[in-house]
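Quick note, the sequences are listed as chains A and B, same order. Numbering-wise, my numbering comes out as the position in the first sequence, counting from 1, plus 1. Numbering-wise, my numbering comes out as the position in the second sequence, counting from 1, plus 1.
It cannot be assumed that every hint is accurate.
What the hints assert, rightly or not - Over 10 Å on every C-beta distance to chain A, these chain B residues come out as not near it, computed from the model:
#1 Ala14
#2 Lys81
#3 Leu82
#4 Ala98
#5 Leu121
#6 Ile160
#7 Asn333
As the list claims (entries may be wrong) - Below 25 Å or equal to it, Euclidean Cα-Cα: the simulated BS3-like pairs (lysine-lysine) are:
#8 A:Lys257 <-> A:Lys371
#9 A:Lys46 <-> A:Lys65
#10 B:Lys371 <-> A:Lys109
#11 A:Lys347 <-> B:Lys77
#12 B:Lys85 <-> A:Lys77
#13 B:Lys77 <-> A:Lys384
Hints listed in this document are in silico derivations from the structure and should not be mistaken for laboratory results. Where is the CB? At the ideal position from N, CA and C, for every residue including glycine.
Listed below, chain by chain, are the residues.
There are 2 protein chains.
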Amino acid sequence: MLRAPYGEKNKMAINLKKPLKENIYAVPGIKLGFTEAGIKSKAKKDLAIILADEGSHVSAIFTKNQFLAAPVIQAKQNLKLGAKKKAFIINTGTANAGTGDLGLINAKQTCELVAKNFNLSAKDVLPFSTGVIMKHLPMQKIEQGIQALTSNLSNENWIEVAETIMTTDTIPKAYSKKIVLADEEIIVTGIAKGSGMINPNMATMLAFIATNASITSQILTKMITDVADESFNLISVDGDTSTNDSFLLISTNKTKVAISEEDDGNYQKLRDAILEIAKFLAQAIVRDGEGATKFIEIQVANGKTREDCVEIARKIANSPLVKTAFFASDPNLGRIMAAIGNAQVKDLETSKINIFLNNYLFAENGALSKDYDESIANEEMKKNEITLKIDLQNGLEVRSFYTSDLSYDYVKINAEYRT
Amino acid sequence: MLRAPYGEKNKMAINLKKPLKENIYAVPGIKLGFTEAGIKSKAKKDLAIILADEGSHVSAIFTKNQFLAAPVIQAKQNLKLGAKKKAFIINTGTANAGTGDLGLINAKQTCELVAKNFNLSAKDVLPFSTGVIMKHLPMQKIEQGIQALTSNLSNENWIEVAETIMTTDTIPKAYSKKIVLADEEIIVTGIAKGSGMINPNMATMLAFIATNASITSQILTKMITDVADESFNLISVDGDTSTNDSFLLISTNKTKVAISEEDDGNYQKLRDAILEIAKFLAQAIVRDGEGATKFIEIQVANGKTREDCVEIARKIANSPLVKTAFFASDPNLGRIMAAIGNAQVKDLETSKINIFLNNYLFAENGALSKDYDESIANEEMKKNEITLKIDLQNGLEVRSFYTSDLSYDYVKINAEYRT
């Protein structure tokens, strides 16, 4: 029998629990604060700040949604004035999206309030919001909250800030790693939020990763694209891309040796460390997907291009029929074929495609396997961790994409989100 | 206050009930048969035939899914041999898709069995299947079923055949109309099935429309595209396009006057009648959408192109977040904006967009209306018939698109479809 031709090295073993304080390392040059500003109706942490020392660099990737939230517009404007930023202010409770001119005024004023309270220039502040769309920022609460943040700063507050930025997330997402570059200790620490409205470009989420490594602003910009394409852009919960997605990469530039070229051997090492953090956060978002009962890796192999592999995986991941079949542990596997056929990948030869459910080959040469045994497929579908492997036999590219199933609870969570 | 600038003439008033026999007219030159062949596990009608008199023309549109079902491949091959077809055999219970060489052999043999039993040439038979993917046709049952069909033919069997081809549909879908062209009575009658796996190009469905009008094969081909683009290609239940979608238009050519040119005044009249049937069937499919509790018309107006309007409407229609908000009657209307922004329509000016929920203007110039009153929006969301009107203020095109909400029952139906 044919064997699935590729491995599972991209999948991170993630225990969906609150991370332990001792596993999340402080990043020299980064301080964090959080408070309950009363933006959310319930008494919850809802306003956070990340402060980076003078001389830090930042690069950012924002949502491709054409309806940009006000904080995204403001952050992009401020970034045009240079990559040296010092403060990142994040609120939950409202996304400040679809809020028109008043939303823009409020985003700008938020930056000014941070600048005033922390002795900065407003252009060195970037704002981020997440929550309900078409709801204004309560500016009085924001003002009081920002004042409160000044007295609650620490370089140890990563997990607390990860908690502060949660919306429908059930656990805070944080991950940390130490490597050595040129005899110096490099720390990379990241946090993220996201659970619904998750689809590549960007996944609906906020993610902040910081390192003490020294890296030029130009190379940092290259790095963030490299990393996003192989992490946050390879996940989907529900196919919806939000108005507020933002991924920020900060270097506090504390090491003596600076990475200034892409072909520097150290670039690759640092990239790998950052990518590991990003992959962890991306996959944790899917595992914590709204109503998710299963974690599904979709490996598409031997495609002509990366885009072909990703497009096929995304169609499968976003098919409500495939997702409900996974939820029910029903090997209604023809739906996977239908999804592949809907990807409209050029020059696809459907009669060459082999599909494996975990390691069970159920479709061979584009059709039901001759010795298909439903009872085996049924057993495989019952697992909570499923790898679907699609061998296109059409090229050399391979990509893994991550998604969750569609359960009653997804409907429940999203039907009742605001109540 | 701004008023929604356009009407609702495209929406058909549909009472989701089994049609009355007296409202569905026989089409001269068409006979239909049905039987219980035992393909479905329960005792249900599952095999039907439509027979067209010698000299009839047929045109067809098939799914754009790259994984073509065997009957679709066979039907396309037979159509290449000429537009004069005489028999259309339809089974439910299995889609005969993802079934490889054996599936093709079975589809071909089905045509041969029909040819043998009805004294036809196999190339004049087109096969259609709907049901579970990756399941073979039970050929012995098909053979016996086809024999049974020979003794159960009538030109009155439209509703029974509409029932026969149902899968998760809850009611049979049929509609009929009489018009007069050049002093002759023209009848147009159509049936369709479809409930889940519904998305344009084509909607997941089978539809058969027949008329006694005389129309050249070439003009019939033009007609079917015209009609499909403004009916079946403007609906979505779940964004999934199936492997088996087929829409067939048959003319039995019984009238003296023939329509042989597109600019013939009679072309337009006949087209309008056929389009009315097709719109009815398309909208009935959405109203009978799996788990649907609401019928939602999405009117996108003043777009630059038809494609812009349809793409925006489709993104809204296929957003799980929008669909669950409709299900919950929750005016979480920012999700509609996010969906518009995800359509990636060129040159969209988000700051010009006005959005109406029924006739209530909730978003003006791309942002929450200044006098937005949630209690009004809440009342509007509670209705079972909702029209969402999006004014792009960007051009002159307008299209209506139809969809349903995403309920617990959608998940239930699709999680348990095969059990």
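Hints, verified against the model:
For Ala14 (chain B), the condition that its CB be more than 10 Å from all CB atoms of chain A holds, with the nearest at approximately 28 Å. Interface exclusion of Lys81 (chain B) from chain A stands, the closest Cβ pair being 20 Å apart, more than 10 Å. At the 10 Å boundary, the C-beta of Leu82 (chain B) stays outside the reach of chain A, the nearest C-beta of that chain being 23 Å off. Consistency note on Ala98 (chain B): stated as away from chain A, yet its beta-carbon is not over 10 Å from all of that chain's, at 6 Å minimum.
Every CB of chain A is more than 10 Å from the CB of Leu121 (chain B) (nearest about 29 Å), matching its label as outside the interface. With a least beta-carbon separation of about 28 Å from chain A, Ile160 (chain B) lies farther than 10 Å from that chain, consistent with its non-interface assignment. With a least CB separation of 6 Å from chain A, Asn333 (chain B) falls inside the 10 Å interface cut-off, contrary to its annotation. Annotation: proposed proximity of Lys257 (chain A) to Lys371 (chain A) is violated, straight-line Cα distance about 62 Å (limit 25 Å).
In summary, the hint linking Lys46 (chain A) to Lys65 (chain A) is not supported, as the alpha carbons are separated by about 28 Å, beyond the 25 Å threshold. Between Lys371 (chain B) and Lys109 (chain A) the alpha-carbon distance is near 20 Å, which keeps this suggested pair within the 25 Å criterion. Between Lys347 (chain A) and Lys77 (chain B) the alpha-carbon distance is near 21 Å, which keeps this suggested pair within the 25 Å criterion. Between the alpha carbons of Lys85 (chain B) and Lys77 (chain A) the distance comes to roughly 62 Å, so the proposed pair goes past 25 Å and is violated.
For the proposed pair Lys77 (chain B) and Lys384 (chain A), the alpha carbon gap of about 40 Å is over 25 Å, so the pair is violated.
Taken one by one, the earlier hints fail for this structure at numbers 4, 7, 8, 9, 12, 13, listed in ascending order.
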